[in-house]
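Whole structure, please, built from the sequences with the hints as guidance.
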Amino acid sequence: MTEVPDFHVANGIACTPVPRTLVDIAGSDGSTWLERAWKGAAYRKLLDRAAVRAELEGPGRRKGAVLTRELVERYSLDTIARTDYLSLDEIDIHQALLSADLAPLEVNPRVRVGGRPYRPDFLYRTLKIVIEVDDPSHDHPVAVVRDRERDATFTAAGYLVLRFKTSRLRHDLAGCVAEIIAAVASRKV
Numbered sequence: 050m051t052e053v054p055d056f057h058v059a060n061g062i063a064c065t066p067v068p069r070t071l072v073d074i075a076g077s078d079g080s081t082w083l084e085r086a087w088k089g090a091a092y093r094k095l096l097d098r099a100a101v102r103a104e105l106e107g108p109g110r111r112k113g114a115v116l117t118r119e120l121v122e123r124y125s126l127d128t129i130a131r132t133d134y135l136s137l138d139e140i141d142i143h144q145a146l147l148s149a150d151l152a153p154l155e156v157n158p159r160v161r162v163g164g165r166p167y168r169p170d171f172l173y174r175t176l177k178i179v180i181e182v183d184d185p186s187h188d189h190p191v192a193v194v195r196d197r198e199r200d201a202t203f204t205a206a207g208y209l210v211l212r213f214k215t216s217r218l219r220h221d222l223a224g225c226v227a228e229i230i231a232a233v234a235s236r237k238v
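With this note's numbering applied, the sequence shown corresponds to residues 50 to 238, in that order.
Calculated from the structure, these hints are not laboratory results. Accuracy of the hints is not assured; some may be wrong.
Quick list of simulated restraints, FRET-style, between CB atoms [stated by the list, open to error]:
| no. | residue 1 | residue 2 | range |
| --- | --- | --- | --- |
| 1 | K94 | T204 | 32 to 40 angstroms |
| 2 | A152 | R195 | 22 to 30 angstroms |
| 3 | A145 | R165 | 24 to 32 angstroms |
| 4 | R159 | S186 | 15 to 23 angstroms |
| 5 | L222 | N157 | 14 to 22 angstroms |
Every residue gets a Cβ at the ideal spot worked out from N, C-alpha and C, and that includes glycine.
Now the structure itself:
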């Protein structure tokens, strides 16, 4: 078996593989930057469970190994790798909803409503619940009008639309998840 080098040089810059970079970040910058790098790598489909484990089990004791192991436990790499996320914030809320063990949830599905194609961020199809994650671009007047029209189309077709600003998700993820859990419970009746 050929051993993978710890780094390679590209345009004069030493570059390490993603798993090693994650462990190094954990060892030097702590959990905040590690989690951000982890989600960024997941979003870009650069995470590989076997490679991360191999890095953690490699020779020598690594300063960031404990934090990295915690993230491996907290975030399902398998789910992240096969899910078509369109934003980093979607990873957070999806992982939280998976932990809540709710009804089957679709991520960025294609759906026709009112004769038009849409792609909501999340969809509980059988319960007719749409969940949207709105970054600051949704505050633009044109986006506000478009979102209202879209919400009206879904509502007219019997859907419940829940919108969460990314700023709220980042500061009150538990509250957002509780709101979704309540909506799911109300639709199951």
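Structure-based check of each hint:
1. With their beta carbons about 34 angstroms apart, K94 and T204 fall inside the hinted range of 32 to 40 angstroms.
2. Separated by about 28 angstroms at the C-beta atoms, A152 and R195 satisfy the suggested range of 22 to 30 angstroms.
3. Our hint of 24 to 32 angstroms for A145 and R165 holds, since their Cβ atoms are close to 30 angstroms apart.
4. Between R159 and S186, the C-beta spacing of about 21 angstroms keeps the proposed range 15 to 23 angstroms intact.
5. Against the hinted window of 14 to 22 angstroms, the Cβ-Cβ separation of L222 and N157 comes to about 19 angstroms, which satisfies the hint.
Consistency with the previously given hints is maintained throughout, with no hint failing.
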